[in-house]
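Enquirer: Here's the letter readout for the chains.
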Amino acid sequence: MTQPLLTVDGLEVVYHTDAGTLPALSDVCFEVREGQIVGVVGESGCGKSTLGAALLRLLAPNGEIVGGHVMFAGRDLASLSAGELRTLRGQGVAMIFQDPLTSLNPTFTIGQQMIDAQRAHQQTRESKSVVRQRTIDALTRVGIPDAARRIDNHPHEFSGGMRQRIMIAIALLHEPSLLIADEATSALDVTLEAQILKLLKEINAVHGTAILLISHNLGVIAEVCERVVVMYAGRAVEEGDVYSIFDRPLHPYSRALLAAVPSPQHRGTTLAAIPGRVPSLLALPPGCKFADRCGYAAAVCFTREPASLSRGGLRVRCFLYDDSLPEADKPRADWATEPVPA
Amino acid sequence: MTAEPHNGALLSVRDLQTFFSDRQGAIARLLRHKTGEVRAVDGVSFDVVRGETLGLVGESGSGKSTLARTVLGLVPATGGSARLDGRELVGLGRRDWRPLRRRIQMIFQDPGSSLSPRFRVSFLLREPYVINKVPLDQQSSVDELLDMVGLSSEQADKYPHELSGGQARRVSIARALALHPEVLFADEPTAGLDVSAAASILNLMRDLRDRLGLTYVLITHDLNVVGYFADRIAVMYVGQLVEIGLGDRILAHPRHPYTHALLSCAPVPDPHLNEGHLDNVLGGEIPSPHDPPSGCRFHPRCAYADPQCTDEVPQLEDLGEGEMVACHHWRQIDLTKQPAVAET
Numbered sequence: 023m024t025q026p027l028l029t030v031d032g033l034e035v036v037y038h039t040d041a042g043t044l045p046a047l048s049d050v051c052f053e054v055r056e057g058q059i060v061g062v063v064g065e066s067g068c069g070k071s072t073l074g075a076a077l078l079r080l081l082a083p084n085g086e087i088v089g090g091h092v093m094f095a096g097r098d099l100a101s102l103s104a105g106e107l108r109t110l111r112g113q114g115v116a117m118i119f120q121d122p123l124t125s126l127n128p129t130f131t132i133g134q135q136m137i138d139a140q141r142a143h144q145q146t147r148e149s150k151s152v153v154r155q156r157t158i159d160a161l162t163r164v165g166i167p168d169a170a171r172r173i174d175n176h177p178h179e180f181s182g183g184m185r186q187r188i189m190i191a192i193a194l195l196h197e198p199s200l201l202i203a204d205e206a207t208s209a210l211d212v213t214l215e216a217q218i219l220k221l222l223k224e225i226n227a228v229h230g231t232a233i234l235l236i237s238h239n240l241g242v243i244a245e246v247c248e249r250v251v252v253m254y255a256g257r258a259v260e261e262g263d264v265y266s267i268f269d270r271p272l273h274p275y276s277r278a279l280l281a282a283v284p285s286p287q288h289r290g291t292t293l294a295a296i297p298g299r300v301p302s303l304l305a306l307p308p309g310c311k312f313a314d315r316c317g318y319a320a321a322v323c324f325t326r327e328p329a330s331l332s333r334g335g336l337r338v339r340c341f342l343y344d345d346s347l348p349e350a351d352k353p354r355a356d357w358a359t360e361p362v363p364a
Numbered sequence: 006m007t008a009e010p011h012n013g014a015l016l017s018v019r020d021l022q023t024f025f026s027d028r029q030g031a032i033a034r035l036l037r038h039k040t041g042e043v044r045a046v047d048g049v050s051f052d053v054v055r056g057e058t059l060g061l062v063g064e065s066g067s068g069k070s071t072l073a074r075t076v077l078g079l080v081p082a083t084g085g086s087a088r089l090d091g092r093e094l095v096g097l098g099r100r101d102w103r104p105l106r107r108r109i110q111m112i113f114q115d116p117g118s119s120l121s122p123r124f125r126v127s128f129l130l131r132e133p134y135v136i137n138k139v140p141l142d143q144q145s146s147v148d149e150l151l152d153m154v155g156l157s158s159e160q161a162d163k164y165p166h167e168l169s170g171g172q173a174r175r176v177s178i179a180r181a182l183a184l185h186p187e188v189l190f191a192d193e194p195t196a197g198l199d200v201s202a203a204a205s206i207l208n209l210m211r212d213l214r215d216r217l218g219l220t221y222v223l224i225t226h227d228l229n230v231v232g233y234f235a236d237r238i239a240v241m242y243v244g245q246l247v248e249i250g251l252g253d254r255i256l257a258h259p260r261h262p263y264t265h266a267l268l269s270c271a272p273v274p275d276p277h278l279n280e281g282h283l284d285n286v287l288g289g290e291i292p293s294p295h296d297p298p299s300g301c302r303f304h305p306r307c308a309y310a311d312p313q314c315t316d317e318v319p320q321l322e323d324l325g326e327g328e329m330v331a332c333h334h335w336r337q338i339d340l341t342k343q344p345a346v347a348e349t
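As you go down the protein sequences, you meet chains A and B in turn. If you read the first sequence in the working numbering, its first letter stands for residue 23, the second for the next number, and so on. If you read the second sequence in the working numbering, its first letter stands for residue 6, the second for the next number, and so on.
A hint or two may mislead.
Stated by the list, open to error - Taking beta-carbon pairs under 10 Å as the criterion, some of the chain A residues facing chain B (in silico):
id: 1; residue: Gly64
id: 2; residue: Gly183
id: 3; residue: Asp211
id: 4; residue: Leu219
id: 5; residue: Lys223
id: 6; residue: Asn239
id: 7; residue: Phe268
id: 8; residue: Leu293
id: 9; residue: Ala294
id: 10; residue: Arg315
id: 11; residue: Tyr318
id: 12; residue: Pro348
Said to hold, decoys possible - Negatives, chain A to chain B, calculated, CB over 12 Å:
id: 13; residue: Glu56
id: 14; residue: Glu106
id: 15; residue: Arg154
id: 16; residue: Ile173
id: 17; residue: Ala209
id: 18; residue: His229
id: 19; residue: Gln287
id: 20; residue: Asp356
In case anyone wonders, no lab produced these hints; they're calculated from the structure. Here the structure is a predicted model, which means the values were calculated and not measured. Don't be surprised by glycine CBs; every beta carbon is placed ideally from N, CA and C.
Could you put together the complete structure from these sequences and hints?
Expert: What follows is the structure, given as structure tokens:
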């Protein structure tokens, strides 16, 4: 249960573009234990999707992992051959994307596509009827009614929620130990989103599949995750269990993000929008990337990048908690002075 | 619907219908494809009082956007009435619309497709004046409009693709405000924006409401947004209103099983409130308005449905003070006790 399944250590990813080299991820560290649901949350451009793609070495051609390690079940992903990687994708780690219509081929039936997916990852050739039956079982498991007949339908004959269920069925064909879901419910209506989240939680409970859930929606993260990684400008600024992150966020960015979510309780008040904008990856400020939008920044925040600090089972990248700084130089926030309960 | 026009309502919609016929070409007819009509908006009635914000919520395909477009005359109504300050809007010709167009405007859903990529912001902001032939002395300057929505005057020379999502949204709002409307329909004004950008758009809309005395109809699928912003909430399901009432009342004590199911599905950014939250997820999917279920359109997904729900269409019952609900059994069922949810 508590073995680290995926360990990401100091991961650095850049994109080579005409405008220059974009540091998309910088020194990202976190781990996913067996059977755990970990959420990655942040605004657009913070590197969430790059992180998901880098874990499976599925980066766009101009993307490159330039540092750090991704260890999956004790093996370094960088050391794997193309063949080993192919086995890993699907059987070890599977991924579901936001838009099933761009992932499913419109000219083939879903059954054909799912059978192909199984053949691609198989060493020995199984009989057609065995593979077909397994496909029907997989569709039934994710709640496709009348799967034995629906297997011969094309993607356009399914609704958006059903297509996402099919994507999940494909991802689960080889019983991966880790499922990466990149904004898997973002395009769905609330009731369908809740159905898919429920399905993911059931898969996690029944099969012990660990899930890395990438989402911009704090509600979705709070709903299903045990641990949360908060990302900003390619950095993991805070990592901790879901209750600490939502009850007592340590990083000023996590706090600001949570405070900006509208809710009925805020009615009649001005929402705490975060001033300024996410910095461009081409012109990142030298110090803390959040400093110019942060209400607590001190001089040191603009010149030095804070390191990732451990604090009571949490990790946070902020000088508020850096005890190596002289008291006079340290930024201050009244909410950050109380000791974190163990 | 039996609801009487509300005294003093600025916008009064009664039994509004928008049916699209899917008349098909010869080949489709030869192949005997099913023809029929899509009942996108099917008998919707509500009032909006001056200065209030009505939140219109529903899932995709519920007819929210079509309802807004029908009221604004962008899609012809096939029946019913919509009155702005007593003036009938349904069936008006282009010329008759012109003086009214200045009083009722819309912020369109996606600035990417509603702002022409070929024009600079300054032109996009002057365009409403050109189209509506507004005399010069009644026009606001581009700078004034930009200032009103919190943009600097340098943005005037930019093209839409040079703007961030939040900035483009602000230009859309400025364009809608150019004619100094009284009623503003906002179609998903925060969809696709990051948390922080969405918060500043909502702050802007709130500030404009207070400064200009705007009346909003806010269309959204986001229950957190509607709970934050709307005074009253109307819930749509497959082209019909199922419930309308004060925001606080709806959120705390929904009367219609669909409203209850929708609220209990909404993800809340608080892990403590989410314990067991997914146990009673509404099963099934929203039916097509092409072939809606008989009787109550929610009955196939409703845990409380009985034969009456299958056979009889529930009327929108007026409970007074702007509270209405369309359910045969709302008085008998206790939504706090049982899961609102039928089989998957």
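Enquirer: Can we keep the A/Arg315 interface hint, with Cβ of chain B closer than 10 Å?
Expert: holds (9 Å)
Enquirer: Non-interface claim for A/Ile173: all C-beta distances to chain B beyond 12 Å?
Expert: holds (19 Å)
Enquirer: Checking hints one by one. Is A/Leu219 an interface residue toward chain B, by the C-beta closer than 10 Å rule?
Expert: holds (6 Å)
Enquirer: Under the criterion of a CB-CB separation shorter than 10 Å, is A/Asp211 in contact with chain B as hinted?
Expert: holds (4 Å)
Enquirer: Holds or violated: is there a CB of chain B closer than 10 Å to the CB of A/Pro348?
Expert: violated (32 Å)
Enquirer: When you look at the beta carbon of A/Gln287, is every beta carbon of chain B farther off than 12 Å?
Expert: It is violated; A/Gln287 is separated from chain B by about 8 Å at its closest Cβ, not greater than 12 Å.
Enquirer: Compute the least Cβ-Cβ separation between A/Glu106 and chain B, then decide whether it is above 12 Å.
Expert: holds (37 Å)
Enquirer: A/Lys223 was flagged as interface toward chain B. Is the shortest Cβ-Cβ separation under 10 Å?
Expert: holds (6 Å)
Enquirer: Next item in the hint list is A/Asn239. Is there a CB on chain B closer than 10 Å to its CB?
Expert: Holds, because the Cβ-Cβ distance from A/Asn239 to chain B comes to roughly 7 Å (cut-off 10 Å).
Enquirer: Is the nearest Cβ of chain B still more than 12 Å from the Cβ of A/His229?
Expert: Label holds. Min Cβ-Cβ 17 Å, cutoff 12 Å.
Enquirer: With d taken as the least Cβ-Cβ distance between A/Asp356 and chain B, does d exceed 12 Å?
Expert: holds (23 Å)
Enquirer: Per the stated criterion, does the least C-beta distance between A/Arg154 and chain B lie above 12 Å, as a non-interface residue requires?
Expert: holds (24 Å)
Going through the hint list in order, the structure does not satisfy hints 11, 12, 17, 19.
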